[in-house]
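> Here are the chains, one letter per residue:
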Amino acid sequence: MNGTENGRTVAARCVGLVKRYPGVVAVGGLDLEVRRGECFGLLGPNGAGKTTTVEILEGLTPPDDGVVEVLGQRWGTRDDRLLRERLGIQLQETKLADKLTVTETVRLFRSFYRQGRPVDEVIALVSLDEKRNARVGKLSGGQKQRLALACALVSAPELMFLDEPTTGLDPQARRHVWDVVETFRQGGGTVILTTHYMEEAARLCDRLAIVDHGRRIALGTPANLVASLDADQILELRAGGELDAGRLGALPGVAGVSARNGGWMVRVRDVGAALPAVLAELEQAGAPLEQLTTHQATLEDVFVHLTGRGLRDA
Amino acid sequence: MPEPTASRGGALHPLAELTRVRVLEFLREPEALFWVFGFPVLLALALGIAFRDPGAASYRVGVVDPAIADRLAGADDLNVTAMERGAALEALGRGRLDLVVEAVPGDAAPPEFVFRFDPTRPEGRAARLAVDDALQRAYGRQDLLEHRDQPVADRGSRYIDFLIPGLIGLNLMGSGMWGIGFSIVVARTRGLLKRFAATPMRRPHYLVSYALSRLLFLVLEVAAIVGFGWLIFGVSVRGPLLAVLAIAIVGGLSFAALGLLVAARSRTIEAVSGWMNLLQLPMWLLSGSFFSYERFPEAFWPAIRLLPLTAVNDALRAVFRGEALIADSLPELIVLAGWGLVSFAIALRRFRWH
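Sequence lines, in order, name chains W and Z. The numbering used here puts the first sequence at residues 1 to 314. The numbering used here puts the second sequence at residues 1 to 354.
Calculated directly from the structure, the hints in this document are not laboratory data. All residues carry an ideal CB built from backbone N, CA and C; glycine is no exception. It is possible that some hints are incorrect.
Unchecked claim - Covered stretches of chain W, as calculated for chain Z (at least 3 residues, CB under 8 angstroms):
#, stretch
1, 76-87
2, 90-97
What the hints assert, rightly or not - Listed below are the simulated DMTMM-like cross-link pairs for lysine to aspartate or glutamate, each with C-alpha atoms no more than 20 angstroms apart in a straight line:
#, chain 1, residue 1, chain 2, residue 2
3, W, LYS131, Z, GLU25
4, W, LYS95, Z, GLU29
5, W, LYS99, Z, GLU25
6, W, LYS99, Z, GLU29
7, W, LYS95, Z, GLU25
8, W, LYS138, Z, GLU25
9, W, LYS138, Z, GLU29
10, W, LYS138, W, ASP170
11, W, LYS99, Z, GLU31
12, W, LYS131, W, ASP120
To be verified - One-sided excerpt, in silico: chain Z residues whose CB lies under 8 angstroms from chain W:
#, residue
13, ALA11
14, LEU43
15, ARG195
16, PRO204
Go ahead and model the full structure; you've got the sequences and the hints to work with.
What follows is the structure, given as structure tokens:
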């Protein structure tokens, strides 16, 4: 294995990554390879090990086992500071100092890097021009998040880590953050992003790893992952009696079924054929229909299909 | 996107930026400003007034028999009041009188007197001597020796002269340790330390910036207390002011390093407060800020002198008295430098960035 060679095409990679905390395995043997120039997403519910994985890649948490390589370098082998010069990092729960202004905060972060963008330019990049002299404590949640992005972008990084960049933001603030990330991508930057929002993953990511309980359970482009369901539509239903999964799955137009939250999730290739057949099956089983919805298949359905749980289920 | 630019894009050297934001954050915290500047001055004012020189000593004496009051009338250092026996004893018990004189009932001439006073109070003992002297003369005692009184007003030996250097020491300890310990633990709980650790920032820079911002403020703090003591109480520094500054800098840095050490691993404000109090309380009591540690048994003095606050107080008092800095206070400066260097080294090694 030649790190420098890989460093040209691979932005970050880990093999057999393991991290244990007392009583819990946060990451249980994870393999990832992130290519230069792509936006790679880690999609999974809270507690899936996304943050632990990212913080290991960022060199903030040492792994218990496994190999980690970022921009062709392993943490702790050469001068880590040289590697940090090339990264931009946004952590999940950083509260920047309330008493400082936007400009003062960005200036401080700028001073840590030998190379990077001018302070004013970065502030403009995240559209905080009008707030440049406002105290951080007075900013809205979305503005604080964009300031965190500015602190990550100020080094003109090759690789940017974003850990749940839009959690807790309203839809407009979220789109604002996405715009900033997309601008960075257009400049050729690589992004590693964690999220539990499938819309965010679908919108921003070229490729995704779906993780659950510290393991990778699926990998691919958002389109490929959705296509792996072998279905365009998802039919979710709840019935007042017992149903047989095998019989449901064999109905015309149906690709497969799985139980979820006391109801059923039916993956459907052809709604026109499947819907009457499903209703007839319910009738025959003596299970009256209580609830029925259909929607276009999404990444959420991929996760539900793989785990039987939703991304935001407890 | 534009090319990356060198020269830190409008920012200064990281150490300068870190120090700058420390100073800005402090200035934007009105409560902190009060504790650092207002509190020591108010404390000096209150203690200076409470323990001010009483002027010519005047003892408050209660007499039960008005005839005795007449006999004492000639003594100008006595403030004599005739009163009922019960009221006089109560006033003595409450400290409003220093001494009560009564005559034993009977026919003896001159009568036999009883002096009631609290021998643990210096005023009581002094009043006893003054009353005895006045009564003896009133009944005809002739003095054998001639003497002249020549009062000395030594401004350097009042309580406030003792107190002001002690308050400077206390303030250096308090603002150094609390100011730094708190802001570091707050930064840690907010995840800011971790965020800094994710940058190429040199980690010693972060810790040194605290020391540098302290330097800036301690000059102002010391100037505030020294200036106040001089203006209001006429407390003067007989040694060079630069020596005061030098001690304040060495002491302030030493306490800053101790503050860093205490905050090096704490994850909560409660934890860091506990450690601060544990370290500071013994020094409040032992280090001679409010009263001389020479009141403790002599066997303890060498250990007490190893405490950093004792070293600051002793060195400052020496300069206030006009002694030479290096010649007379070298051991104190060495103690301070030792605490500072060892604390900083351990803090840097043990510092928890997450």
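> With reference to the structure, classify each hint as holding or not holding.
Against the structure, the hints:
1. 76-87: As far as the stretch 76-87 of chain W goes, the hint holds, because 5 residues have Cβ atoms under 8 angstroms from chain Z.
2. 90-97: holds (count 6)
3. W:LYS131 <-> Z:GLU25: Holds, because 18 angstroms separates the two Cα atoms, which is no more than 20 angstroms.
4. W:LYS95 <-> Z:GLU29: Answer holds: LYS95 of chain W to GLU29 of chain Z is near 18 angstroms, not above 20 angstroms.
5. W:LYS99 <-> Z:GLU25: 6 angstroms, holds
6. W:LYS99 <-> Z:GLU29: With Cα atoms ~8 angstroms apart, LYS99 of chain W and GLU29 of chain Z stay inside 20 angstroms; holds.
7. W:LYS95 <-> Z:GLU25: Between LYS95 of chain W and GLU25 of chain Z the Cα gap is close to 15 angstroms, so the pair holds against 20 angstroms.
8. W:LYS138 <-> Z:GLU25: 15 angstroms, holds
9. W:LYS138 <-> Z:GLU29: 15 angstroms, holds
10. W:LYS138 <-> W:ASP170: 17 angstroms, holds
11. W:LYS99 <-> Z:GLU31: Cα-Cα ~13 angstroms, so holds.
12. W:LYS131 <-> W:ASP120: Cα-Cα ~12 angstroms, so holds.
13. ALA11: 4 angstroms, holds
14. LEU43: With a closest approach of 27 angstroms, the LEU43 of chain Z hint is violated.
15. ARG195: 4 angstroms, holds
16. PRO204: Not OK, violated: PRO204 of chain Z not within 8 angstroms of chain W, min 12 angstroms.
Of the numbered hints given earlier, the model fails hints 14 and 16; all others are met.
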